[in-house]
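J.: Modelling step: build the complete structure from the supplied sequences, incorporating the hints.
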Amino acid sequence: MNKTVELRRTKAEYLILALVVVLFLSIPLFAGPYHLAIIMDIGIYAIITMGLILLMGQAGQLSLGQAVFFGLGAYSSAILTTQHHFAPWLALLLAIIITGSIAAGIGRAVLRLKGIIVSGVTLVLNLIFSYLVLSLINLTGGANGIVNIPHLSPVKLIPNSLFDYYFLWIVAFLLLAFSLNLVNSRTGRALRTMNILSGGGEETAQVLGINVMKYKVQVFTLGAVYASIAGSIYAHHLGSIEPDIFGAHLSLLVAIMAIVGGMASPWGAFLGAALLMGLTELLGKFASVVVSGPTGAYELIAYGIILMAVLRFLPQGLIPLFQKLPPQSRHSK
Amino acid sequence: MDLSIVLQFFISGVNLGCIYAALGLGFFVVYSVTRVLNLAQGEFVMVGGMLTATFYSMGVPIILSALIAIAVAGLLGGILHCGVIHPARNLSKATQTFLTVGFAFAIEGIALLVWGWEYKSLPNFLSTPNIHFGGATIIGQTPWVTGITLLAVTGLFLFFGHTLQGKALRACADNPLGAKTIGISVDRMSLYVFILAGAFGGIAGAVITPLTMVSYNIGFPMTIKGLLAAFVGGITRAEGVILGGMVLGMAEAIAAGLMPSEYHSIFAMIILMAVFLCQPHGLLSSSGKT
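Line order of the protein sequences matches chains A and B. Quick note: the first sequence uses the numbering used here, first residue 1, plus one each step. Quick note: the second sequence uses the numbering used here, first residue 1, plus one each step.
Please note that a few of the clues may not be correct.
[What the hints assert, rightly or not] Just the calculated beta-carbon pair ranges, DEER-fashion: (1) 4(B) with 114(A): 44 to 50 Å; (2) 180(B) with 207(A): 48 to 54 Å; (3) 101(A) with 92(B): 51 to 57 Å.
[Stated by the list, open to error] Heads up, incomplete: computed chain A residues facing chain B, CB under 7 Å, no partners named: (4) 20; (5) 22; (6) 28; (7) 31; (8) 105; (9) 116; (10) 128; (11) 131; (12) 135; (13) 297; (14) 303; (15) 305; (16) 307; (17) 311.
Note that these hints are calculated values from the structure, not bench results. Bear in mind that the values here come from a model prediction, so they are computed numbers and not experimental data. We treat Cβ as the ideally placed atom computed from N, Cα and C, and that holds for glycine.
T.: Spelled out as structure tokens, the structure:
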């Protein structure tokens, strides 16, 4: 019975996906550059968050290190193009391989631990990464960062920002389609079986013959690759990066987006990213007392209160509000 | 190597180690009783430092300023427990851990509202001058850092070892269900550890402010440094956290003496990774489980 439900759901999801894709591709026709920039930010955050949702929502591994892999992707792309003169698209692909390999190594070490300790250790990774970036000045430019990162677009048919917009959102939707497939695949079911957060367990999974460690490292690496892609696009889009962006705050913000959006479905990433970025914009406009720089006081307070409220009163996040079927039918026991 | 250099490394290593240990012990007390990783621990440090500096600038004597700040930080720990953790006591430990992240964000935002972007600093406690000893120079605040941390740690051990409340806390850490059965209120004990963790954070904040400047956003970096000490040593035992803090402090002090300045912290980090790959549960892990 669950099989048919899942298939029907999937078809409906693809229909929504197609509608949303058309909507997003047509947005530049009527939105100005300011709103396009915000929607691009949402896309970047959504891709990073989607990686985390696969890891937390499916496999139940609490990671707070997404900013590290976002940073690795951005720095790999920046260094390969500015110092070694690779083509941007090639740099993006190489960044995926670099970040993926590092993530697989880190995952192998960190995922031996269990439960919330993983969240603490991955949080520590943020500090290690920022110290590394600040010390390896020859490679990363230290606190000054890297400037003059070349643009993604190979030929200049349309404005660069428009090209980036389309490229980002096409990538985002491809990754979403891939994630939806993954959730409904053998791997997705294996991951949910070992998810302690939704009633599964690693012992249960092991008894069923699932290679728990292999799947955990795989999904950790996949989440890192998502972040790396977002990082590369970010670096090539802005043209310059600096170390302040890739810190613990970003990792935590991404986790908040995942929790607020809802971790049962990759759609939650888009919901969470859109909600928090929209809120940031609103607060930035209306609360002009202290607000300046990347995050103002009211934003921090709002993030904190929203996170606490969602955890207490909407533990599934916002995504169940948009789903017709109760969330349980998705996670057939 | 010159003896005075060795002495210098040793003194600054112990000093840094004490700071790391003080940051890490807050995690230990909360984790051992509640199994929650309190990611708002660094905010107590921030509040302790900022309040001490604020009261001092208003003309309050420095020791009194520090005591008030430590009390407020402890109170904040109590608020975190009563307002956030206790109502969610039936939810998973992961949820409770993320609740502390929300609390930390809110505190950081309020601190930004109150104090703005400015950095605050303090003179050495009682304006202790730098001490020259055996060819080594000791910054005037160092004896205060080491002394106060040692005092706090001794107090913690005495409390855990020799008072009824401390023994009840250890019982909760050992087996919450068993503790409940013999009539210990686990909720009350969990309130105590949050207050204790808040006060510990406040102490760390007050003693480090003369050494490093503090501002509204040092919370999460302090949280991470404390986690580092706790993980290197093993979060399940107080001795482990202190040992972890000392290892990190020594590594950082030696690196500071031998390497160009930009590599200090990396060296300590590499130690962490090495420890981690060999002993994933810390140097002094009491058992395999976490």
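J.: Now tell me if each hint is right for this structure.
T.: Consistency of the hints with the structure:
1. Taking 44 to 50 Å as the suggested C-beta distance range, the pair residue 4(B) and residue 114(A) conforms, at roughly 47 Å.
2. Distance hint check for residue 180(B) and residue 207(A): the Cβ-Cβ separation is about 31 Å, which falls outside the suggested range of 48 to 54 Å.
3. Between residue 101(A) and residue 92(B) the C-beta distance comes to about 33 Å, which lies outside the given range of 51 to 57 Å.
4. At about 28 Å, the closest approach between the beta carbon of residue 20(A) and any beta carbon in chain B exceeds 7 Å, and the interface hint on this residue is violated.
5. Evaluation of the residue 22(A) hint against chain B yields a violated restraint, the C-beta minimum of about 36 Å exceeding 7 Å.
6. Hint status for residue 28(A): violated, given a least beta-carbon distance of 33 Å to chain B, over 7 Å.
7. Contact between residue 31(A) and chain B, as hinted, is not supported at the beta carbon level, the nearest pair being about 30 Å apart and thus beyond 7 Å.
8. Interface restraint check for residue 105(A): the shortest CB-CB distance to chain B comes to about 10 Å, outside 7 Å, so the restraint is violated.
9. Interface restraint check for residue 116(A): the shortest CB-CB distance to chain B comes to about 5 Å, inside 7 Å, so the restraint holds.
10. A least Cβ separation of about 5 Å between residue 128(A) and chain B falls short of the 7 Å threshold, and the interface hint therefore holds.
11. Because the closest C-beta pair between residue 131(A) and chain B is about 5 Å apart, less than 7 Å, the hint holds.
12. Annotation: residue 135(A) was flagged as interfacial toward chain B, and the flag holds, the nearest CB pair being 4 Å apart, inside 7 Å.
13. About 4 Å separates the beta-carbon of residue 297(A) from the nearest beta-carbon of chain B, less than 7 Å, and the hint is met.
14. Taking 7 Å as the C-beta cut-off, the interface hint given for residue 303(A) holds, the closest approach to chain B being about 5 Å.
15. Hint status for residue 305(A): holds, given a least beta-carbon distance of 6 Å to chain B, under 7 Å.
16. Interface restraint check: residue 307(A) against chain B, minimum CB-CB distance 4 Å, threshold 7 Å, status holds.
17. Given the 7 Å rule on beta carbons, the hint for residue 311(A) holds: about 5 Å separates it from the nearest Cβ of chain B.
Checked against the numbered hints given earlier, this structure breaks hints 2, 3, 4, 5, 6, 7 and 8; the rest are met.
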